[in-house]
Amino acid sequence: MNARGAVKVEFTPEQLVEVRRLQGLYPDRRAALLPVLQLVQDVFGHISLEAEEYVAGLFDLSPAHVHEVVTFYTLFFREPKGRHVISVCHNLTCHLLGAQQVLTHLKKRLGVEVGGTTPDGRVTLLSVECLCACEIAPMLQVDDRYEGNLSGEKVDRILDGLA
Amino acid sequence: MAEKILTRNFHLPGSHTLALYRETGGYAGLEKALAMKPAEITEAVKRSNLRGLGGAGFPTGVKWGFLPKGHPGPIYLVINADEGEPGTFKDRYLLEKDPHALLEGMIISAYAIGAHVAFVYIRGEYVQPWRIFSRAVAEAYEAGLLGKNIGSSGFDLDVIVHRGAGAYICGEETGLISSLEGKKGWPKLKPPFPAIRGAFGAPTIVNNVETICHVPHIVRRGAEWFASLGTKTQGGTRLYSVSGHVERPGVYELPVSVTLRELVYEHAGGVPHGKRLKAVVPGGSSAALLTADEIDVTLDVDGLRNAGTMAGSAGVIVMDETVSIPEALMVVARFYAHESCGQCTPCRESTGWIYKMTRRIIEGRGRKEDLDTILDVARRGAGTTICAFFDGAVGPYISYIEKFRHEFEALISK
Amino acid sequence: MVKLTIDGKEVEVREGTNIIEAARRLGIEVPHYCYHPGLSIAGQCRLCMVELGNNPRPQIGCNTQVAEGMVVRTDTPKVLETRQSIMEFHLINHPLDCPVCDQAGECWLQIYYMKHGLYEPRMVDEKVHKPKAVPLGSHVILDAERCILCSRCVRFCDEITGTGELGIFDRGDHSEIGLFPGRELANPYSANVIDICPVGALTDRDFRFAVRVWYLDTAKSICPGCSRGCNIEVHVNVRRPHHNQGRRVARLKPRFNAEVNRWWICDAGRYGGKFVDDASRLGAPARGRGEAAIEVGWEEMIPLIASQLRRYRPDEIGVLASPNMANEDLFLLRRLVDHLRLIHVDFRVPPRTPGDEDRILIKADKNANTRGAELIGLGPRPGGLDAHGMLRAARERRIKCLWVFHHDLLASAWPEAEVGEALRAVECFIYQGSNSNGVSTAAHYVLPSAAWVERDGTFTNFEGRVQRFWKAVDPLGLSLADWEILGRIGEAFGLGAPPARAEDCFKALAASAAPFAGLSYRELKDTGKVVAA
Ligand SMILES: Cc1cc2nc3c(=O)[nH]c(=O)nc-3n(C[C@H](O)[C@H](O)[C@H](O)COP(=O)(O)O)c2cc1C
Ligand code: SF4
Ligand code: SF4
Ligand code: FES
Ligand code: FES
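These protein sequence lines are chains A, B and C, in that order. If you're matching positions, the first sequence starts at 8 in the numbering used here and goes up one per residue. If you're matching positions, the second sequence starts at 196 in the numbering used here and goes up one per residue. If you're matching positions, the third sequence starts at 1051 in the numbering used here and goes up one per residue.
Honestly, the hints are just simulated from the structure, not real lab data. Check before you lean on any hint, since a few could be wrong.
[Said to hold, decoys possible] Residues from chain A that keep clear of chain C, each with C-beta distances beyond 12 Å, as calculated:
1. Glu25
2. Asp150
3. Tyr153
[Claimed, not checked] Okay, derived cross-link-like pairs now, BS3-like style, lysine-lysine, Cα gap no bigger than 27 Å in a straight line:
4. Lys15/A <-> Lys378/B
5. Lys385/B <-> Lys1053/C
6. Lys227/B <-> Lys264/B
7. Lys292/B <-> Lys161/A
8. Lys1128/C <-> Lys385/B
9. Lys470/B <-> Lys161/A
10. Lys88/A <-> Lys378/B
11. Lys1177/C <-> Lys563/B
12. Lys343/B <-> Lys227/B
Here a beta-carbon is modelled for each residue, glycine too, at the ideal position from N, C-alpha and C.
All chains should be built: construct the whole structure from the sequences, respecting the hints.
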């Protein structure tokens, strides 16, 4: 723990090798910023301000410029998230085919609002724009997986499968 | 039944493997291409009437021709796999089901334009497509199809797979370049156009996944054959993503001369549960809406432009009679408000404002003036922005209200 | 060169010029927010729309470079309508809090709204809320709701200082200007973002709620903070003396000079003018030390000084001029020194800590006119002592009369004890300067100088550029410009009537000192001239 009360962010030597590899992959090493932020998130669960400063140091960037990037993209989490993230698509086709009901069902089952994480830290619930799987609308993304043609039962089955 | 070209292997198990791709004639186009002069390939692509399938419909060969001649530094090929246009999902199928088709197209295209590094920008949410495509890249390297001296031709190409992080605007080609460069996805001012000064300051060609997947076939079977599949001004087939109120949603590969009615009723099985059709979005959410009476149009770039809408990404969203158009507009307006990059004032300010107005109307707090305000704001903002994102939002803003004004007015007077 | 037509008028400009600058050449204003000639093109505000040739769709002028034969219109109905729309977009989320905004009166939202806006407001929805009154550092305060996200401040920190403190975070209409949480805007040029911010989003903590800008008067000037000689404007508040706690100098602002400072000044210079209205200002000539000091008029003081200077042999007198005096002052001092055949003359006093310097503007030499003092020749005469030597000689009572201009010797690199001993040892210690300091209190005679903003004059910067500064306010109390004091003392020695104006001193300087030959106030214009090599 440091002054801000957060876990110290530092890559292991192996992870640093990966950072250097990514930086070397592109004509300009700054291009590795998104992949490295993804790595930070994989390793530490989310991207804290400390992590942003740390990454700024790895790229010789000002922390403000890293902050611009982190706050721009929806897949970067700035707060700790649940062990699983469920993102329900609420765009047009899913909306036409019942996204609201899916969302209501999930909110009730999980007892959280959109953007919230269950108290046990199991699931973070999000409502997102088109995931481009409209042929299986209504659909959601759970972690790496797309699940579609959702019904109440199917959502329940998905939830039951999450540790 | 028209011939399937890009989707011919989709139904085969293992369609994503190099072995199967080769068995079905894959990489034959590459062999032929590497024996040609690069300029001959560009010429063939021009003659084929291939038009960009990412949204703008710009003739691909012409775009390639904008590259500076005899450029001494690097030139980059960037594949736009940031599929994000609501209602569109065909690039996901291509990445998952036939990644080697994209790779073969990339190698030929890179050879044609003189690029030795190609980037594939895949939207961050597409984890499975990214895994499958990355595996195909690894396979291709092992088989000597990527890297140094491809097929003993002396041509080198490296492919770098880059993942997005959640931002629709990174589908816009210069937003994509900014993002690829490690910045937020703010589109860049044009001029300079990417072909002159793109990724990392070098001349760059950005093409959609599907566009590039067509290239091997053009090389193998000839530009004239490809051109003959479509209309006078657009060659080939394209992949239509059909979703919403249809019996059989999915990806349909059809010649661009197909009509919207044929697509919805014959191919996708029509509107389920005996409901009547109300409206169709023909080219992704940024395309203006067509009413049930307006669907006898061909789905090529010019056909739809003449119908006052656009082919866009060929994402076809079908709405039956039960749909509330004001609610649909609110959903779409929420999307544009959420995805505006915020860089330029007209778009940043009016997408948020229009969303607030549509939401107010849905919540029963609409005011008589709101509809005209939305129309006026949309019209005045159109054409004033850095990128075409806002013009894309204007399509639905105006068409939903103009074509279904009575539905909005009913909500307002309540 | 490229020839083009704007609103029917032909103009010829350099290749690479954009439409905004080309139109400016014709006196045509293309309204704009994000464009700034000192920064890269961002194209974000979309206000600078013009029509090009037959293209029905207006294009932005800032990112359009001129081309031969180009036909530009800035006044078509379509352009005017587009401008009005863009103004509306800029204002829909703006808090419209002009009555409590320091920018009022010099805000480009107000100005352009009156010229190009004037629409019926129709936004009734809740505006986006953002942080207000956030200090960004010691000088700058942010109101994010007033920000129009033009990114000028961001580009300044990226491109000019290279410090990158500012960013635009989030996206859409939640986009927000700011610092990395917990950091400060602390670069040495931070306050320039206040000047380039076209609206009231970034304002000056020092100037906050001080005076309404329409009560300010302006004079052109030169920053005396270092040897760069940045061109500035002095904004003074004399019309509302009860505002701003009696501070007459309300603020210093950069003034464009392509050869010197472009659009910028450093924070040290910007806030370095405080001494002018400080309580330490010397308001009247005085004789006698400490408690015994009594104020006297100049009629009494001038003969007293002259008689003191007559009392000592030339080699018993030391003169320590200041490299912060103007060329005019230094020239009259030199004339007097020559007339009295004084030999112990110098102007260099090493600072206790070496000055900071960078590759942007800031020079290590914190004096405005070192080069002038060198060129006019205020170094030791043959056989004379330098400044340090003079102090030693004073301690050893070989120098009996010491005349110090402006220097606070106790803040120099020399040990305080040595300085103190020297000042106590001399029989006659004359201090001439604008403010009291550690050494002025030890003086037998105090001659109060007008501050640079209270008079006309010129400084010669480190590259030999002679630049004029203009009087902005009257001298405080009885203080006089150094050249006036020296002119009167000269008169007492038979050197003729004192010059009437600073310009007369400069004429005489130009006539007698080779490097200044051919220069005149008129010749110097607003931006100065470099002396002959
Ligand atoms: C807001 C916006 C979003 C876009 N999204 C995509 C996209 O997801 N995929 C894509 O290929 N093109 C997208 N485009 C089009 C690209 O800017 C570009 O025209 C295209 O990638 C060029 O490839 P093509 O000529 O092969 O179609 C988008 C354009 C805009 C204005
Ligand atoms: S039009 Fe919208 S999305 Fe495009 S640059 Fe401007 S703010 Fe960004
Ligand atoms: S704070 Fe001022 S200078 Fe900075 S972006 Fe906002 S309006 Fe522009
Ligand atoms: S609308 Fe939900 S996946 Fe496209
Ligand atoms: S000044 Fe041209 S877009 Fe802002």
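Hint-by-hint comparison with the structure:
1. Glu25: Per Cβ check, glutamate 25/A is outside 12 Å of chain C; nearest 25 Å; holds.
2. Asp150: holds, 25 Å
3. Tyr153: Correct as stated: the minimum Cβ-Cβ distance to chain C is 25 Å, above 12 Å.
4. Lys15/A <-> Lys378/B: Given that 27 Å is the threshold and the Cα spacing comes to 25 Å, the pair holds.
5. Lys385/B <-> Lys1053/C: Status holds; Cα separation ~23 Å.
6. Lys227/B <-> Lys264/B: Holds. Lysine 227/B to lysine 264/B sits at ~24 Å (cutoff 27 Å).
7. Lys292/B <-> Lys161/A: holds, 25 Å
8. Lys1128/C <-> Lys385/B: holds, 21 Å
9. Lys470/B <-> Lys161/A: Holds, because 26 Å separates the two Cα atoms, which is no more than 27 Å.
10. Lys88/A <-> Lys378/B: holds, 24 Å
11. Lys1177/C <-> Lys563/B: holds, 20 Å
12. Lys343/B <-> Lys227/B: holds, 18 Å
Hint compliance for this structure: every hint is met.
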